[in-house]
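Colleague: Residue-level listing of the chains:
There are 2 protein chains.
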Amino acid sequence: MVLAPSAAAPDYFARHRELLDRAVITTANREYWSPYPESPSTSVYGEEAPKQGEAAFREQLGKDFVLEGHPRSGTVHAGEVSPYGLALGVTYPRLTPNEAIAAATAGIGPWRAAGPDTRAGVAAEILARINAASFEIAHAVQHTTGQAFVMAFQAGGPHAQERGLEAVAYAWAEQKRHPAAARWSKPQRKGEPLVLDKKFTPVGRGLALLIACNTFPTWNGYPGLFASLVTGNPVIVKPHPGAVLPLAISVRIARDVLTEAGFDPNLVLLVAEGPQDRIATLLAVRPEVRIVDFTGSTEFGDWLEGNARQAVVYTEKAGLNTVVLDSTDDYQGLLRNLAFSLSLYSGQMCTTPQNLLIPREGIDTDQGVRSAAQFADDLGAALDKLLGDPARAAGTLGAIVNDGVHTRLTEATTVGRTVHRSTSIEDPAHPQAAIRTPLVALLDAEADHRTYTREWFGPVSFVIGTDSTAHSLRIFRDTVREHGALTAAVHSTSEDVLAAAELAALEVGVHLSENLTGGVFVNQSAAFSDFHGSAANPAAGATLSDPAFVTGRFATLQSRRPVRSREAGDV
Amino acid sequence: MVLAPSAAAPDYFARHRELLDRAVITTANREYWSPYPESPSTSVYGEEAPKQGEAAFREQLGKDFVLEGHPRSGTVHAGEVSPYGLALGVTYPRLTPNEAIAAATAGIGPWRAAGPDTRAGVAAEILARINAASFEIAHAVQHTTGQAFVMAFQAGGPHAQERGLEAVAYAWAEQKRHPAAARWSKPQRKGEPLVLDKKFTPVGRGLALLIACNTFPTWNGYPGLFASLVTGNPVIVKPHPGAVLPLAISVRIARDVLTEAGFDPNLVLLVAEGPQDRIATLLAVRPEVRIVDFTGSTEFGDWLEGNARQAVVYTEKAGLNTVVLDSTDDYQGLLRNLAFSLSLYSGQMCTTPQNLLIPREGIDTDQGVRSAAQFADDLGAALDKLLGDPARAAGTLGAIVNDGVHTRLTEATTVGRTVHRSTSIEDPAHPQAAIRTPLVALLDAEADHRTYTREWFGPVSFVIGTDSTAHSLRIFRDTVREHGALTAAVHSTSEDVLAAAELAALEVGVHLSENLTGGVFVNQSAAFSDFHGSAANPAAGATLSDPAFVTGRFATLQSRRPVRSREAGDV
Chain A
5 MVLAPSAAAP DYFARHRELL DRAVITTANR EYWSPYPESP STSVYGEEAP KQGEAAFREQ
65 LGKDFVLEGH PRSGTVHAGE VSPYGLALGV TYPRLTPNEA IAAATAGIGP WRAAGPDTRA
125 GVAAEILARI NAASFEIAHA VQHTTGQAFV MAFQAGGPHA QERGLEAVAY AWAEQKRHPA
185 AARWSKPQRK GEPLVLDKKF TPVGRGLALL IACNTFPTWN GYPGLFASLV TGNPVIVKPH
245 PGAVLPLAIS VRIARDVLTE AGFDPNLVLL VAEGPQDRIA TLLAVRPEVR IVDFTGSTEF
305 GDWLEGNARQ AVVYTEKAGL NTVVLDSTDD YQGLLRNLAF SLSLYSGQMC TTPQNLLIPR
365 EGIDTDQGVR SAAQFADDLG AALDKLLGDP ARAAGTLGAI VNDGVHTRLT EATTVGRTVH
425 RSTSIEDPAH PQAAIRTPLV ALLDAEADHR TYTREWFGPV SFVIGTDSTA HSLRIFRDTV
485 REHGALTAAV HSTSEDVLAA AELAALEVGV HLSENLTGGV FVNQSAAFSD FHGSAANPAA
545 GATLSDPAFV TGRFATLQSR RPVRSREAGD V
Chain B
5 MVLAPSAAAP DYFARHRELL DRAVITTANR EYWSPYPESP STSVYGEEAP KQGEAAFREQ
65 LGKDFVLEGH PRSGTVHAGE VSPYGLALGV TYPRLTPNEA IAAATAGIGP WRAAGPDTRA
125 GVAAEILARI NAASFEIAHA VQHTTGQAFV MAFQAGGPHA QERGLEAVAY AWAEQKRHPA
185 AARWSKPQRK GEPLVLDKKF TPVGRGLALL IACNTFPTWN GYPGLFASLV TGNPVIVKPH
245 PGAVLPLAIS VRIARDVLTE AGFDPNLVLL VAEGPQDRIA TLLAVRPEVR IVDFTGSTEF
305 GDWLEGNARQ AVVYTEKAGL NTVVLDSTDD YQGLLRNLAF SLSLYSGQMC TTPQNLLIPR
365 EGIDTDQGVR SAAQFADDLG AALDKLLGDP ARAAGTLGAI VNDGVHTRLT EATTVGRTVH
425 RSTSIEDPAH PQAAIRTPLV ALLDAEADHR TYTREWFGPV SFVIGTDSTA HSLRIFRDTV
485 REHGALTAAV HSTSEDVLAA AELAALEVGV HLSENLTGGV FVNQSAAFSD FHGSAANPAA
545 GATLSDPAFV TGRFATLQSR RPVRSREAGD V
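Protein sequence lines, in the order shown, are assigned to chains A and B.
Under the working numbering, the first residue of the first sequence carries the number 5, and numbering increases by one thereafter.
Under the working numbering, the first residue of the second sequence carries the number 5, and numbering increases by one thereafter.
One or more hints might be untrue.
Copies of the same chain look alike in the list, so a pair counts if it works inside one copy or between any two.
Straight-line Cα separation of at most 30 angstroms, DSSO-like style, residue types lysine-lysine; simulated pairs [as the list claims (entries may be wrong)]:
(1) K194 <-> K55
(2) K190 <-> K203
(3) K203 <-> K180
(4) K389 <-> K67
Since the hints were derived computationally from the structure, they do not count as laboratory data.
If we strip away everything but chain A, and leave its shape as in the complex, we get (with noise of 0.2 angstroms):
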């Protein structure tokens, strides 16, 4: 049953009804779509998107944050700088725990009376109100990830988005997998029947945490927001410290929604913090806090799996990305394929390939056979043909995004032998930022075992010589299973390779990908077909999207009652 919050209140699931359809056959059938245009083009969103939505970004530069409605008991100077050089000078609402519990719960019974296709057509309505956003969001995003623009606007926009409406169908269609009522009728030897009618009700597990991450606030972030909203529950927003704006624009956007559908604007509330604050550990372990998602370090993914005992925790951490190279029948496309995949975001994403295992001796190609240290030097070419030009490096590489990813380039001078330096790129459109190339260094599987079995999380990679295909994927296989990886990757022209590959990838737990060459990545996944994050290996607990990540959100309960005999006949 359900029941509109007011007679006045848009149908927003009938507006949406037949793009969550589609949402939902293709999580199911994992082909191409794409809901949401991802090229930032005027012909798609309009003549005037690019304009307005840079303008809407700068009209919130150095001021307060305007949030309708929304409780607060001072203010928070997050510190936003862009690593493009801007200071954003936003603030936000500060709450304390206590006020930001008692506000986001307040409005969980007519959420939950709602029922499943009420709150997917609201969470369809953010998501496309967001979609139309996605100009102001990406300037946001560019300011406070350092992506550039062009992949701002993608992967913290219709990127986002859509992974978004993942949530939202797997949600949706989770909660809808047992009826609403039945009618249940068991035969007895004698007399009449037992006749109960039943009604099932998905009822949300309650208040829902997200603590999202510097480097992909939206795409990290609107996963679990939706997955916890469509199946009952509100949700405090607790961005980092770093990259509040694009989710501020987003709780705004959602908060709007909510009240024109008559809701609570308060069940998704902003609870922003500055880098000293520490309200994430205080808030992760309120008895009222039943939902956890989070994007971020492995040491504090772990400490919430650890303490957050109340609550289910859904993690996305960090991990050894690990490509095995064994063999191609495309050498340059591998060197072009990889070169992008270390570049791209100066390896600021959780899913850039750290270590490139080969064998000492080399590998069969179409250019003959390459040796571990030839790969490296290749490697290092093909890095400086892609980031040749500046302007075009810069489009790629982004900035950097904090001190943390500069201190771990300098200290990656110091390890191995540097076959690729981190060079500075200079954007003329962007004289302040700190653009770096990727360092690379070769190693040995032996000799250097400890450098490489910790994450170095930036543009920094490695080539490691092994002795032998054989020897990469146990190298694999053990590194994976101890420490984890979001990513795996595989060149191969073998068959038996490429099967072996397919099952330690399988036994360790993470999905891979096979002789990228072309247009493709093996940091890039798309949502609907491509699954992020297995749950399956300690780099993350939480598969973006799957029906783990909604199952443990909500509950199904049950009444039931006998039908009279009367009632009984009339079926």
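Position chain B against the provided structure of chain A, taking the given hints into account.
Modeller: Chain B only, in chain A's frame:
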């Protein structure tokens, strides 16, 4: 892709395909369905079945239980003694945790490769043979749990098998939510589309540990066993020391079928222990153990949730099952129904009502207003009437399962005002059996708060005088929110009160039965239609069965590979 493990292996999936399809459909429509007939009748199970089943049971007494090819490094004297007086004297293989883990995990590869269809077929065949052994298992259940024979047959046989099949259905369907393969084709503005072939493979989380209980070894054990097995995981079955035999028989059958299907029988292991052993706690925290299913005390369940951190933990613990009495138009029906609920298996069900909340001033009934005290007396009289004939009473009550229940019964004589004493019943057929009628005490909501807010597992229930139905509902909310409940019930002729009770039940996360006065009882739930447990209150971390019960047991892992343009054209 389903790989038949050997050409000679029978195709159990084809044999049971129709049953599996029907099971999946029925989990979705929640209608009545009973694939395994509950009647211990020769017309269903065959003329010889009762005799053969009893003979098979008796044949095992005093001997070492035969499990062909089962690893062992010693012998367990579990010390099973029937509550009906018979010392079983069966011994079982003893295994160390290391031996068990090594043996159980050795065959995981082919079991994973077999795929969900083959695994579901094997599980359905196991259940078919367990069903054929229902009489043997019924005797084993009777003489370990103290359930009377007919109940042991039904709850330990067909009803348990149905819960097992239900878990098979969820596990099988959930693994097939995503296709085994998909082709993804992304149009490009210029040139050919990007085309990838993708494979999706459900992969089990890893070794599962089933920690079963004394009172319902099969009913509470099969769901976890089959959910884990069908999702690709080996299972170590660790029975309660007092109820090993029913699960030992089940394990024997599972191993026979696995062997015939060409798989390693050690995918299902029996790890029995004696009353002084601690193997469950040792196994539960082993890194290799990735799934734990547990039914039993809140104390051990909480310990597992807190300590088996490497595993996903599904628990069925205990709570305060509550009945809210507001009004009725069938007072005699209410009393009869409730008296039976309290008497069935001497209240030794995790679903037996404990706290009966009723306004002190009384409730409206078709026989006038009945005060709390009058209702308590009437309930006592209904119990006396139900249990007046010793032979019939013995068939309802069964026997007291262990000393803990006796101790609580004694303690319960000291609380409140006993309105119905627990008396001994002599069963001529089982002179040594400890058979007890339920104790009912009248308590006050204020004065006796500490008494009724703890669980009194066994034949102990409280009529609790409250200020009003609103007060009863408040206590219902507060106590179930804090302590949990596996069942709840309400009696009212007012739709408003029923609606308020439904809302309260949704809010505290418990399933609700309304106005049960006939042949359906609050402590019984039907597979495929009724959920058991809700995972939404402290009494249980799992629901038997629902999608959440299976999604955590496997991951869907993906590989992807570019399709060369020539191949892509062949689509």
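Colleague: So which hints don't hold here, by number, going up?
Modeller: 4
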